[in-house]
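Protein chains in written order, with this note's numbering: chain A, 1 to 247; chain B, 248 to 623; chain C, 624 to 992.
Hints were generated in silico from the structure; no laboratory data involved. As the structure is a computational prediction, the values presented were derived from the model and not from experiment. Glycine residues also receive a C-beta, built at the ideal position from the N, C-alpha and C atoms. Hints are not guaranteed to be accurate.
Computed cross-link-like contacts, SDA-like style, restricted to lysine to any residue with a CA-CA straight-line distance of at most 25 Å [stated by the list, open to error]:
| # | chain 1 | residue 1 | chain 2 | residue 2 |
| --- | --- | --- | --- | --- |
| 1 | B | Lys470 | B | Asn413 |
| 2 | B | Lys619 | A | Gly104 |
| 3 | C | Lys636 | C | Met828 |
| 4 | B | Lys470 | A | Gly104 |
| 5 | B | Lys619 | A | Val167 |
| 6 | B | Lys393 | C | Val722 |
| 7 | C | Lys736 | B | Gln360 |
| 8 | A | Lys61 | A | Val167 |
| 9 | C | Lys689 | C | Phe649 |
| 10 | C | Lys642 | B | Tyr618 |
| 11 | A | Lys178 | A | Gln224 |
| 12 | B | Lys620 | A | Arg204 |
| 13 | B | Lys393 | B | Pro422 |
| 14 | A | Lys111 | A | Val129 |
| 15 | A | Lys78 | B | Arg264 |
| 16 | C | Lys689 | B | Ser384 |
| 17 | A | Lys67 | A | Gln174 |
| 18 | A | Lys86 | A | Val167 |
| 19 | A | Lys116 | A | Gln174 |
| 20 | B | Lys620 | A | Gln174 |
| 21 | B | Lys359 | C | Met828 |
| 22 | C | Lys633 | B | Lys252 |
| 23 | A | Lys61 | A | Gly104 |
| 24 | A | Lys61 | B | Ser623 |
| 25 | A | Lys78 | B | Tyr471 |
| 26 | C | Lys823 | B | Lys619 |
| 27 | B | Lys292 | C | Pro933 |
| 28 | C | Lys767 | B | Leu397 |
| 29 | C | Lys823 | B | Glu456 |
| 30 | A | Lys86 | B | Tyr618 |
| 31 | A | Lys78 | B | Thr621 |
| 32 | A | Lys131 | B | Tyr471 |
| 33 | B | Lys321 | C | Lys633 |
| 34 | A | Lys131 | B | Lys252 |
Covered, in the sense of this in silico footprint (three residues per stretch, anywhere, with C-beta under 8 Å from a C-beta of chain B), are these stretches of chain C [stated by the list, open to error]:
| # | stretch |
| --- | --- |
| 35 | 642 to 651 |
| 36 | 884 to 896 |
| 37 | 907 to 918 |
Chain B is nowhere near these chain C residues, computed Cβ spacing over 10 Å in every case [unchecked claim]:
| # | residue |
| --- | --- |
| 38 | Glu706 |
| 39 | Asp747 |
| 40 | Asn752 |
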Amino acid sequence: MPELAIQTENLTRTFGDFTAVDNITFEVKQGEIFGFLGANGAGKTTAMRMLTGLLTPSSGKALVSGKDVYSEAEAIKKNIGYMSQKFSLYDDLTSEENIRFYGGIYGIPDKELGKKIDEVIESVGLGDVRKQLVRSLPLGWKQKLAFSISILHNPKIVFLDEPTGGVDPVTRRQFWEKIYEVSDQGITVFVTTHYMDEAEYCDRISIMVDGRMDAIGTPKELKQNMNADSIEDVFIQLARSAERGDE
Amino acid sequence: MRTIKFLLRKEFLQIFRNRAMLPILFVMPIIQLLVLSFAATYELKEVDFALIDMDQSHLSRELTAKFQASGYFKLELETFDPSEAQESMNAGNVKMILRIPPDFENNLSSGKQADLQLIIDAVDGSTAGLIQSYSSSILNDLNASKLAELNIETPSPQIQQAKTINVIPQNWYNPDLDYITYMVPGILVVLVSMIGVFLSGMNIVREYEIGTIEQLNVTPIQKYQFMIGKLLPFWVIGMFDLLIGLALARFGFQIPFLGSLTTILVVAGIYLIVLQSLGLLISTLTHTQQQAMFIAWFIMVIFILMGGLFTPIESMPQWAQNLTLANPIAYFIKIMRMVLLKGAGWKEIQFMVYALAAMGSGLLLISINRYKKTTS
Amino acid sequence: MNSFAGFVIKEFKQIYRDKRTLTVLFGMPIIMLVLFGFAIRNEVTNAQIGILDLSKDEVTRTLIQKLEASSSFQIQAYLESYEEVEGLFRQGNIKEVVVFESDFKEKLIRDNKADIQIITDATDPNLANLVQSYTSNIIRDYVKELNETGEVQKAGLNPQVRMMYNPELRSVNLFVPGLIAVILMLISALMTSISITREKELGNMEILLVSPLKPYHIIIGKVLPYLVLSVVNVVTILVLARFVFQVPFQGSYFLFFTEAILFILTALALGVFISSAANNQQTAMMVSLAGLLLPTVLLSGFIFPVDSMPVPLQIVSHAIPAKWFLIIVRSIMLKGSEFILIWKETAILAGITFFFIALSLKNFKVRLQ
């Protein structure tokens, strides 16, 4: 079903007798901006790693872009983008070199590559520093660069793991503008965050507590259901019943 | 294929940009080669000795002079007090005490047995053995000439009847008993091995520790492409270092090069892969550089020690010699020596090369198998 | 003081939990001791030799039997002609060919002398020397026997050789003190330098520096666990050496341990110094290995005697702490020396230690970036 970017059914992951992700079932429509919320330790990153083919589930089903995470993990990787918490850029390469590397890895032909590099440099504003090592760039720029690289190959879905961690509100806002741009192009955005205000920017959100998905829907729906003024309130209500603390 | 190209480009950029690593990769092996080759020798250069001459005769003085004239022995202390000499040896100032009792000359001239004592510092058994050996030579020479003199002066049937067997030593391949010739090929092997084991493996572990490995695992890069990307650059560097080392050996140290360079290079190529695979395997066992380095070091030390570089494999007990069958370093050192110093060819080394190739394939396969892009 | 104690405890815990490294840290000395005790040595056992007997008479047979009976040799090949020697050597396993000339017995009876050629594969000069001298000894003993059966008086020089400190010429006695030095360098210098640069690399160093801990607290805290580990290792090696390998211990234990602790401090100071100069673990590791461990193994007199090295290298070896420690430890263990005989070396070690501590402190003050 090309309409659904992600489909899971009772997706579970255990580590020994610890259940990190507990039977979550949900769908993400193609083209949506889906916010994956939860406290630290709630299981967000583990769930994301299962969807990106980094971790095999213990049980349950999951389809990403219609492909099975158990048997088609490598095929999934061709069509998704990923931006990890640590941004994972190579510190000792320049922005240009990072873009060229990832572009090439994802199969962008040489002819296009040069153009793409210029585009990204331009859009992130790295024109003056394109030949500087990434190590020397401020956090905000690294973040934007990492994001641009994650969508370089026009993936159908892009997974963002706490992409705005540690940057100021202005930069965060700019980043979300970029996410909107990308979403307008039809790319599904799956983003985890623990900034509750960012939840409002999403089409739909889910909240994980203790490995379970305790709420899912549009921000408006959730607020109505829980009789809350803000997502933060929703979250606090749900979190009160949580047992797990920080990861 | 294209993917590998991009991987290689990234790796080479990172390697050459790492200012601190560059000297280690290129300069360090050369320095080590130079230092090691000169240091690794058991040759006797100078033996300081103490003399207790209770005889003070022509003969005793002639004996002492012969020792000094040999070029190996240097008189450090002359005393009549044995405990002073002993103290000197305890303090490490002399390695031998030559003690000539009274009546030394008299005994010899009257055709009797002339005793003398050699007390040798045997902390280093090897050196002590050599000291004894050289002393024996000197004494034998003196003995022979003195006995001949005696025979002419007072011919005696007893002395005439003494039988001797002449031992004629011949040293092949290395007639000067030059240590450098022996050590350099082995040292080259060790240096190249260090690069092979440590760098590729450490590199992968480093990506784990920093976190960039996740970004790679989420891409469509295939396992074998990733491995080649990690192995190839350091393989090239290792071979390059080996070539420089060989050039130094040939033109600097004047090591004989009886065999074929091509053979050496082909075997070296295989050998490097064996060691890199080992490093690779280690990288799949641990995710911190510290641990990886330690495990690698542990294994390397054992392989080097048992590899016949410092002490001969022939000196080892049977069980240890059997263990060397699994030691790639031992194989390559042996091949290097056989090819360079004795001119051995494919016929003589083929089984060892097969063994190396088998080791390499085995290790590589296990490593590739163990490496998982998706954790289960 | 509390934060310091907390820090030290964390360090201990981290090391204790790292089972893999711990196994290596304890396993390595033991394995090396086993290797050096049993396998790594310069004595010759079962060296493979070939015999070319051009005479094939009673005398040669007797001699050949004596060679066979010796534990040093294993007769692997009986050659028929001189031409075979080269091929045999090239195959790689035969170390020596003993050639008896023709009419050996007759020549010995008639002329009172006969020739034996000892052809050695001298690619390994040390082995060649050893094998040759063992063979010569056997022949010499035989000649002595021969001459004793007649009524020949033993005329001539008769040297009596006495080997001091290590009468059986056991390599293990030489190596064990060196092994202690190498292991200590490994643990104290290498591990320490990696441990500290690890904090730097992972970004924790800044956190530590900002805490109430003073810089020297951090250093001491990092170093303390390795000090303890080192001492444990020294004791282990010593116990094994004494009781399993019968390495002699003539001197004072107190003096030994004092010197050992001094050397541990030297190694720790070096480790700290390297970490003050290196930015990441890989660099620290390579510098420690190449700049510290390798020279220690090669230039300190551990395996190869310092006196045998060319003069420039002998001078360089003066800068290697292990060289002085080796002299000290061998003196104490094998010669039973007292402090008065080793005060010079001790002073030098102490000097080196202070020098590197001072350098490290300077580096750390400068490098708070």
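Results for each hint:
no., hint, result
1, Lys470(B) x Asn413(B), "violated (67 Å)"
2, Lys619(B) x Gly104(A), "holds (22 Å)"
3, Lys636(C) x Met828(C), "holds (18 Å)"
4, Lys470(B) x Gly104(A), "holds (16 Å)"
5, Lys619(B) x Val167(A), "violated (33 Å)"
6, Lys393(B) x Val722(C), "violated (30 Å)"
7, Lys736(C) x Gln360(B), "holds (22 Å)"
8, Lys61(A) x Val167(A), "violated (35 Å)"
9, Lys689(C) x Phe649(C), "violated (44 Å)"
10, Lys642(C) x Tyr618(B), "holds (22 Å)"
11, Lys178(A) x Gln224(A), "violated (29 Å)"
12, Lys620(B) x Arg204(A), "violated (31 Å)"
13, Lys393(B) x Pro422(B), "violated (30 Å)"
14, Lys111(A) x Val129(A), "holds (23 Å)"
15, Lys78(A) x Arg264(B), "violated (30 Å)"
16, Lys689(C) x Ser384(B), "holds (23 Å)"
17, Lys67(A) x Gln174(A), "violated (33 Å)"
18, Lys86(A) x Val167(A), "holds (13 Å)"
19, Lys116(A) x Gln174(A), "holds (21 Å)"
20, Lys620(B) x Gln174(A), "violated (33 Å)"
21, Lys359(B) x Met828(C), "violated (80 Å)"
22, Lys633(C) x Lys252(B), "violated (45 Å)"
23, Lys61(A) x Gly104(A), "violated (32 Å)"
24, Lys61(A) x Ser623(B), "holds (15 Å)"
25, Lys78(A) x Tyr471(B), "holds (17 Å)"
26, Lys823(C) x Lys619(B), "violated (29 Å)"
27, Lys292(B) x Pro933(C), "holds (9 Å)"
28, Lys767(C) x Leu397(B), "holds (20 Å)"
29, Lys823(C) x Glu456(B), "holds (13 Å)"
30, Lys86(A) x Tyr618(B), "holds (22 Å)"
31, Lys78(A) x Thr621(B), "holds (14 Å)"
32, Lys131(A) x Tyr471(B), "violated (31 Å)"
33, Lys321(B) x Lys633(C), "violated (57 Å)"
34, Lys131(A) x Lys252(B), "holds (21 Å)"
35, 642 to 651, "holds (count 6)"
36, 884 to 896, "violated (count 0)"
37, 907 to 918, "holds (count 7)"
38, Glu706, "holds (14 Å)"
39, Asp747, "violated (5 Å)"
40, Asn752, "violated (7 Å)"
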